[in-house]
Amino acid sequence: MQNPKAILFDLDGTLADTAPDLAAALNKMRETRHLLPAPYESLRQYASAGARGLIGAGFGVTPENKEYEALKTEFLSNYESAINVRSRLFEHVPALLTGLDELGVPWGIVTNKAARFTDPLVPLLGLQRSGCTISGDTTPHPKPHPAPLLEAAKRLDIAPSYCWYVGDDLRDIQAGHAAGMATIAAAWGYCGATEPTHWRADAILDSPLELLEFIRAKLDR
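So the sequence shown is numbered by the numbering used here: it starts at 1322 and just counts up by one.
By construction, these hints were calculated from the structure, which means they are not laboratory data. Every residue gets a Cβ at the ideal spot worked out from N, C-alpha and C, and that includes glycine. Hints are all accurate, no fakes.
No farther apart than 25 Å at their CA atoms in a straight line, the calculated lysine to any residue pairs in the SDA-like style are these:
1) K1326 <-> A1538
2) K1326 <-> Y1483
3) K1539 <-> S1451
4) K1393 <-> S1363
5) K1475 <-> A1435
6) K1387 <-> H1355
7) K1349 <-> F1380
8) K1349 <-> A1403
9) K1475 <-> G1452
10) K1393 <-> R1407
11) K1349 <-> G1513
12) K1475 <-> R1492
13) K1326 <-> E1534
14) K1475 <-> M1322
15) K1387 <-> G1377
16) K1326 <-> T1459
17) K1475 <-> G1420
18) K1326 <-> A1468
19) K1475 <-> A1499
20) K1393 <-> R1492
21) K1326 <-> R1476
22) K1349 <-> K1393
23) K1387 <-> G1457
24) K1475 <-> P1465
Listed next, with one range per pair, are the computed distances between beta-carbon atoms:
25) R1542 <-> H1462: 31 to 41 Å
26) T1419 <-> K1539: 14 to 24 Å
27) S1528 <-> N1405: 20 to 30 Å
28) M1322 <-> S1528: 11 to 21 Å
29) S1482 <-> S1402: 40 to 50 Å
30) L1356 <-> G1425: 48 to 58 Å
31) P1341 <-> D1541: 31 to 41 Å
32) H1462 <-> H1519: 21 to 31 Å
33) H1466 <-> E1362: 23 to 33 Å
Taking the hints into account, I'd like the entire structure generated from these sequences.
See the structure below:
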């Protein structure tokens, strides 16, 4: 791994715990259909997969199903109307970002969340000082395509090989590899249906503070 000149982060499940509000949007759909709410813990692991993951978990409907688009529209409308009720930064993320600022290491956000959600949510979470924010529709292709990560590196004016990408989903690691970046699996996040040990990330770290110490150790060499 090259010593980092910039750190890029996924948003949902890496910097921010947005699962409570995403789950609430799904359960509002179930309520309108007179269904019992799905248990939060059964939905949490799908939060990084957004509408696709949560609709699949809550209704067993996949994008190939003819009902999916209408369900997706309803889900996103619910989420947009209550986007930051219970969402919070993960514990120690503020200390991590302050530490990066003190080290002089720029950081940015690369998420598959569309800009209509990212643009209001980022300042509500106190992340507006990010060096760049790349949403799922900023480039023609979302992750795991490398385009969003390469766009972030371009905006920060740092070669991709000197950027690290930190994420809690397999597609984050796939995108990082495709972009030629070092990859960190954020094991404190949602992690989806597969174990991070199977993702071939360059490192798997258990907390934001562990990541900060890992970066400091690299820069001290």
